[in-house]
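S.K.: So the sequence lines, in the order shown, correspond to chains A and B. For the first sequence, this note's numbering assigns the number 236 to the initial residue and increments by one for each residue that follows. For the second sequence, this note's numbering assigns the number 771 to the initial residue and increments by one for each residue that follows.
For the record, the hints were derived by calculation from the structure and aren't laboratory data. Mixed in with the good hints, there may be bad ones.
What the hints assert, rightly or not - Covered stretches of chain A (in silico footprint by chain B; criterion: 3 or more residues with CB under 8 angstroms from a CB of chain B, positions within the stretch not fixed):
#	segment
1	241-254
2	257-267
3	282-291
To be verified - Some, not all, of what chain B presents toward chain A, calculated at C-beta under 10 angstroms:
#	residue
4	Leu847
5	Glu855
6	Leu911
7	Gly915
8	Leu926
9	Leu1001
Where a beta carbon is used, it is the ideal one built from N, C-alpha and C, also for glycine.
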Amino acid sequence: MTEIAETPLPGVGVRHDFACDSNRRVGVVSHHSGRRDLILYDRDDPDRVAETVSMSSDEARTLGALLGGPSIVERFDDLRQQIVGLEIAWLPISSRSRLAGRPLGESELRTRTGVSIVALLRGETAIPAPGPDDVMRAHDVAVVVGTDDGIDEAARILSAPSS
Amino acid sequence: MIAASSGMAGLFVELGCILLGVALLGRLATRWGLPSVPLYLVAGLLIGDGGVVPIVPARDFIQTGAEIGVILLLLLLGLEYSGDELMGALRTGLPAGGVDLVLNFTPGLLAGVLLGWDVRAALLLGGITYISSSGIIAQLLGDLGNLGNRETPVILAILVTEDLVMALYLPLMAGLLIGGSAVTIVLEIGVALAVVAVALAIAVFFGHRVSKLVFSRSNEHLLLTLLGLALLVAGLAEQVQASAAVGAFLVGIALSGPAEHAARQLLMPLKDLFAALFFVFFGLQVDPGTLPPMLAVAALLAVLTAATKVATGWWSSGRAGISTPGRLRAGFTLIARGEFSIVIAGIAVAEGIESDIGPLAAAYVLMLAIGGPLAAKTADPLSRRLVSRERRRQVDSPVSRADT
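Chain B extracted, bound-state conformation:
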């Protein structure tokens, strides 16, 4: 096609402006030491329904891009971990994962019930408050130079179990959301969970073989194979109600070894593009006018679930023999919520079961995606102050001094 139709021209202009705007915001985020997710959401809010400059032609494209964005987000998340790492984290991190689930799922669930929502919406809100942002936290650990810290394996193990819980939670919710009689729901969920279990088993026991089949020395072939495989499995998973995201996650886990390493490098730029579209699209669906009434609830929930995450990190790193400063760091680092809360909220918005959940989730994630990293940075100064107070007290009392 030599002359693009006028519709195309409009699409290109809008898309170009959106990408440039997002790029600008991303740069600002880096300069301010913030994760980019909240700023992408803000961009979406500005150009969506009821926003400052609502977009028209690019909307469909962004929607499709957003769906691909979720798939790529989960695919890369799966690629982060090999089957062995998942099993290892499960063996050591199960108690911590359980505490994490109970402490952080419950507040969201209860809040949904108290707001008088449909049970399914309340369950989705539980998921939103439960899952920490592994993207933001990984970035944070690197930025703060905390990767080698002794509490870091505890944090990572919690993130891994959360991701595994997601692999069960998403198909479960998908089954509940279709509705129908109790029997069909149970059947749907059963089939979906069986598929997840089989895929996980393949990933853990035959991951290397799958990887060998997929691997190609040509980047071009590898990229096409990977994308094709991820989309195909995601689509099939969606068809059996196991949710496309979970399908992509399982493909990611199944790949390890040379394919995994090359895949990450190849897919990272694609993920950056489409995940940005996904966050923009989520913001776009939320009318900024609906945010203010939700701010108080979101703030309350944010404070509460920040505290429960701190408790989670504090307890689990204490179990691992970490002392006070490290326990504080683990707790504060886990506060950040981000991409996966939005993925869950996106399901709720797409299903249209509760009109308040979109704005509430947007406000909540904005607060904790920005507040989480800030809180994590205060952990060390805070514990230094605690420790110096402790020391003064020890100097005052000769008994404890003799102990040390």
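Pulled out of the complex, with its shape left as it was, chain A reads as follows:
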């Protein structure tokens, strides 16, 4: 995946930016107020923003949807700005996992690690906010939210092979 640089802007918000294969650098300045600036860096002066498009959070979400971005990440970014230490991760369910074909509740993930599964990605579709009765299938990807340590532990549980 593209490497995204995250830079805090004290008093303003946070900036995320990355270089495209086309050699242009693009980014987003997320203001504390919810405003988003889409920024495009100068070709000649890579430190300088050549073009800034200011958007309300609604407009930014629309653009995100048009670009096909997983809006879950964007919303999570808002959340992470407020809660230090919160992390998100994508954990694949391998076909050998003991939990493949099992309902979510059986993993007791939240009880054991404090980590929540906020969505299951299955091919092109996603099951947002799955309940304990929703079944995990092999090759699903679980989007989980929790602390760094919790996520490590959750990854171990989810990938544990059936005995």
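With chain A fixed as given, assemble chain B onto it according to the hints.
M.R.: Relative to chain A, chain B alone:
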């Protein structure tokens, strides 16, 4: 009260005229692409002692309004930053902050000493030349579309450290200004700094909890809580000689999360009103007749400290791996001085330790509040010219051409 007394009538008429005048100047400032602070100062100069139309009844009200203005200025400044942001900026920006302090405090301090001033007045002048205007610079970064630039975090980190230095500097000066024996001064300053340290610690470690306590879904309740809290802490801080402004600043830092966001929106209009009164009041205390003798010194100091700010920005952004155009932008953007120089000068005027410091500060801030943004706008054209010259030179010499 149904019929306002004639005194009230005079007050209303004067206040109304002043606010309308300030509003008009603000509009002009926007049209000319200037920050409003210098024009508010000019308004104050015109209606103050020795001005064109000196005001009488509204003066007391403006004075109180000005004091509240300082508190709100600092409260909103504190609200800009969360404890985490302060700590983050400190971790990465300490060397730059140190260079900034040495390069820009020294000229003011030396100038004060050379002018034969009291040491405390010289220290205040150092503060005036040291602190950049975060208000003007934030506006400038937005207007020029530079918020996403790679040198911008460097600029912001410098502004954050400056504000933190203020939190230590103001109580220090307050302690020095009370005077007394060396022991009492040290004691006063010690107590004040301890209070600041405790408040900062609360802000950094328990900010979220404080914020949760203060937050209310009702705007009315939130506004009253915030104002009450800020005034109360400011008053208490003043009592332990930590300066009211610092108290308000710490309240601002302690609040984060939902309270912070709502607070900014609620307090912004109040700040606009009272901060305008504050700048007007400062101008009002300065007799325009005392300005001309100070112009030469102010201009000299302005040129010198503009250069030292450029050097600060140049050096610190160079450290962050920014190339020439960005380094120039960082330097030129930092030149602007404004509200906080006036806050410091206001202390000097209120204490009456040096009669020249008011007019000098007024002239100095007028020059750099107007000159700073203008200079920042020339940074890019300037570097383009530099770069094209560089290119020509590279074309001339085949060796360096092969390098690129």
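S.K.: Each hint should be assessed against the structure and marked as holding or not.
M.R.: Hint-by-hint comparison with the structure:
{"no.": "1", "hint": "241-254", "result": "holds (count 8)"}
{"no.": "2", "hint": "257-267", "result": "holds (count 3)"}
{"no.": "3", "hint": "282-291", "result": "holds (count 5)"}
{"no.": "4", "hint": "Leu847", "result": "holds, 9 angstroms"}
{"no.": "5", "hint": "Glu855", "result": "holds, 4 angstroms"}
{"no.": "6", "hint": "Leu911", "result": "holds, 8 angstroms"}
{"no.": "7", "hint": "Gly915", "result": "holds, 4 angstroms"}
{"no.": "8", "hint": "Leu926", "result": "holds, 5 angstroms"}
{"no.": "9", "hint": "Leu1001", "result": "violated, 23 angstroms"}
Violated hints amount to a single one, hint 9; each of the other numbered hints is respected by the structure.
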